[in-house]
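Participant: Keeping the supplied structure of chain A fixed, place chain B upon it in accordance with the hints.
There are 2 protein chains.
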Amino acid sequence: MTPTEALPKVLDHIDADLDASLARLFDFLKVQSISTDPAYADQCKRAADFVAKDLATLGLTSEIRPTGGHPLVIAKPEKQNGGPRVLFYGHYDVQPVDPLELWKTPPFDPRIEDLGNGRKIIVARGACDDKGQLMTFVEACRAWKAVTGTLPLDVTVMIEGEEECGSKSLFPFVEKNADEFKLDLALVCDTGMWSPTTPSITTSLRGLVYEDVIVTAADRDLHSGLFGGAAQNPIRVLTKALAAIHDENGRITIPDFYDGVPELPPDIKADLKALDLTPAEFLGQVGLKIPAGEQDRMLIEMISTRPTCDVNGIIGGYTGEGAKTVIASQASAKVSFRLVGNQDPVKVRDAFRDFIRARIPADCKVEFENHGLAPALQLPFDSPAILKTRQALQDEWGAKAVTVGAGGSIPIVGDFKRVLGMDTIMVGFALDDDRVHSPNEKYDLASFHKGTRSWARILAALAA
Amino acid sequence: MTPTEALPKVLDHIDADLDASLARLFDFLKVQSISTDPAYADQCKRAADFVAKDLATLGLTSEIRPTGGHPLVIAKPEKQNGGPRVLFYGHYDVQPVDPLELWKTPPFDPRIEDLGNGRKIIVARGACDDKGQLMTFVEACRAWKAVTGTLPLDVTVMIEGEEECGSKSLFPFVEKNADEFKLDLALVCDTGMWSPTTPSITTSLRGLVYEDVIVTAADRDLHSGLFGGAAQNPIRVLTKALAAIHDENGRITIPDFYDGVPELPPDIKADLKALDLTPAEFLGQVGLKIPAGEQDRMLIEMISTRPTCDVNGIIGGYTGEGAKTVIASQASAKVSFRLVGNQDPVKVRDAFRDFIRARIPADCKVEFENHGLAPALQLPFDSPAILKTRQALQDEWGAKAVTVGAGGSIPIVGDFKRVLGMDTIMVGFALDDDRVHSPNEKYDLASFHKGTRSWARILAALAA
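Quick mapping for you: the protein sequence lines, in order, are chains A and B.
Under my numbering, think of the first position of the first sequence as 145, with each following residue one higher.
Under my numbering, think of the first position of the second sequence as 145, with each following residue one higher.
By construction, these hints were calculated from the structure, which means they are not laboratory data.
Relax, there's no trap hidden among the hints.
SDA-like mimics (lysine to any residue), calculated; alpha carbons at most 20 Å apart, straight line:
#	chain 1	residue 1	chain 2	residue 2
1	A	Lys433	B	Asp507
2	A	Lys384	B	Ala502
3	B	Lys433	A	Thr360
4	B	Lys289	B	His593
5	B	Lys544	B	Leu421
6	B	Lys433	A	Asp507
7	B	Lys532	B	Lys544
8	B	Lys312	B	Glu513
9	B	Lys384	A	Arg503
10	A	Lys326	A	Arg209
11	A	Lys384	B	Gln439
12	A	Lys561	A	Ile530
13	B	Lys384	A	Ala502
14	B	Lys384	B	Asp498
15	B	Lys491	B	Leu517
16	A	Lys220	A	Lys289
17	B	Lys312	A	Glu465
18	A	Lys509	B	Leu246
19	B	Lys384	A	Thr397
20	A	Lys509	B	Glu392
21	A	Lys509	A	Ala388
22	B	Lys433	A	Ala502
Chain A on its own, in the form it takes in the complex (with noise of 0.2 Å):
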């Protein structure tokens, strides 16, 4: 039986299935696999061993690799049977949940929510991002081996624990041990859908630089009806430097800033301009109607082919309940980029320093600590591979599959092209509305459902 032949057959197990499956998820959603946070470092090696036993169900040789930090989930084809070889790459870990209390339900405690309306949703910490992603995949793994016996190609599978803390750990171990992993193709479930009815493949990944920015004046916290006046505050000296990095324009003031990012061939940009993307309906689901960015650009421009700058975090001084008069010792912020083209990450990250401690005064403190450097990346979008799972997903959602950027990062995506010299294949069952990264996050039955029978059919396309 051939892997084409085979498929029906897969799929209707997957259809057979489905509650089995989403059990399996909802017990890997109880983890709570935070990596950014060392608290929960016991859960993030629960989350590893849970992924290992699982990954050893489908016929492959699992096993736990040890790393500077959270633990890396390798497992691999007992035997070379020929054919393409693939790596699918995913990540266990998760964002934090704060703030706690505008979840509905605690965020490990995974539901299925009937919204009324023909969607069902997965509600929980990780749903979609990335756990209810990669889950997609090693369904689709489990019912070729239940109908098969077997994986239709030869599947080698890498799973993180510190996408959500910029991969630290995993950019050495690709590098050391590069000759395991050169492959044909990389295969990655962690971004998202053009729309509900629309699959993509994402082509492009905008880079990231992220800085931790901490400013000290006095020693000490100080009151201000005794030291105002007189005392700098560090909260006036932060903002005011975070506040000169946009112009009236939403452009970013920082020198040099946007050497390297391109402008668009005409008929690309046509293509986007075509796709009609207006602020009613990105911003609109989420309480919002004008774009804050670059004023002479294009909404789709803004969030996919143009860098930008946002403060994650701020903090300092007195954040309680009532009043204190006091004059902080420290404020900081949490400042990242997204990167285009060839911006150079090293040189956005130094500029970015530079930019800020012209702007402290002498009798201040800056420091910086990074939390992630990562370039910008095309990848094809014309390789037989990609033709190949285009059709594939047409075939599942019976909509052309489009080919686009994303404004995210999956920084080890970049070094699969630069260390490994393999192309990566993004495809993703996400949507605009996941809440992905925020309370109440979730994923649609239908993403996982119609995404496990998706990566069946990539997998047999490839496999063909």
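Facilitator: Same frame as chain A, but now just chain B:
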């Protein structure tokens, strides 16, 4: 025996009783009477009970008077003895203790530390502000009672529990019960010395406007990879608005903000200049050296006679360890203004709100909450009571007492003047390095001891 004749014995008694008076202060300091946090309401009640019980031992009729907030303690003479009647005001509530990790020892576990240079200090939250300070007055009264069987003049005591959160209940209480408290003179011990060897009487107070500002953009937290570049970021909006408050010369740019700010008469300005307060002396003690206020003003003006604005706290987005690529839904800040002269607190508040609103994009929202609205106050500096007090202080400290303006606010002093028609003498023994409102707050043992002796002398002088 006249008060003047009794005074030496009273002072001797204070010296002999020092250890016991410290033990009483320590019991008081152990009560965690943080008024801004509702979680500590019971502790505030405990502090009120402590004070009421203690005042009853002075031969006063002591009672706890409920308010809408934390209770007031009122103690009155059992009968009128003729002669001047004074009202002593203080507060039993203290500031929050965060950041707790910066305390060398627990904030409510008072201790004596020997600095080894002849100075001993009392370390605890409230050691200075205002438990230590108010107990200098109470201990002076106790000594008078012990030595002479009575107080040298009619003393009414009013100790509130909401000074650190704006004295919200005290204002209506004083208005409603004005007849009870219309006496001859108010005394307050909540201010500082000019230096460790120079006592001072505070004759002007800056007013206060304190506002919470909450900016809301999207109706949920967003992933900066998906929405970055398109969605408005409330931290960006807030930092831009706050950064606009001060210009490059440290001047506040809010329209009409300086209305009602008087220029000092040349002779007063000359007096201030003669004090020769240097940045090294005043800012050097906290690790700074460059005055941050209006660049065309003397440092001593910045901290006493000029209005100021400080951001006392700011928070938004992810503030934990590591990286989270979120665009927050909300960001907020606490902003306070110190007022002088005839600045109208309501006008300043409204002008500030207009200033911020004008900087909020059309699809974002801003809300305000007020935590304080008090005008500045100027008291006479040559009344007979002031002259007597200056002499008493000089007798104790061996140095001429200076009359100064204070940067901080004691809002109720304004009401004593406006509602009760009564001047206030503000004498206190705090030092600039007392870390009031900060971790490791302290009060010099000399401040406590000689402060008690100072009040014993002032009471005798006012009775004469």
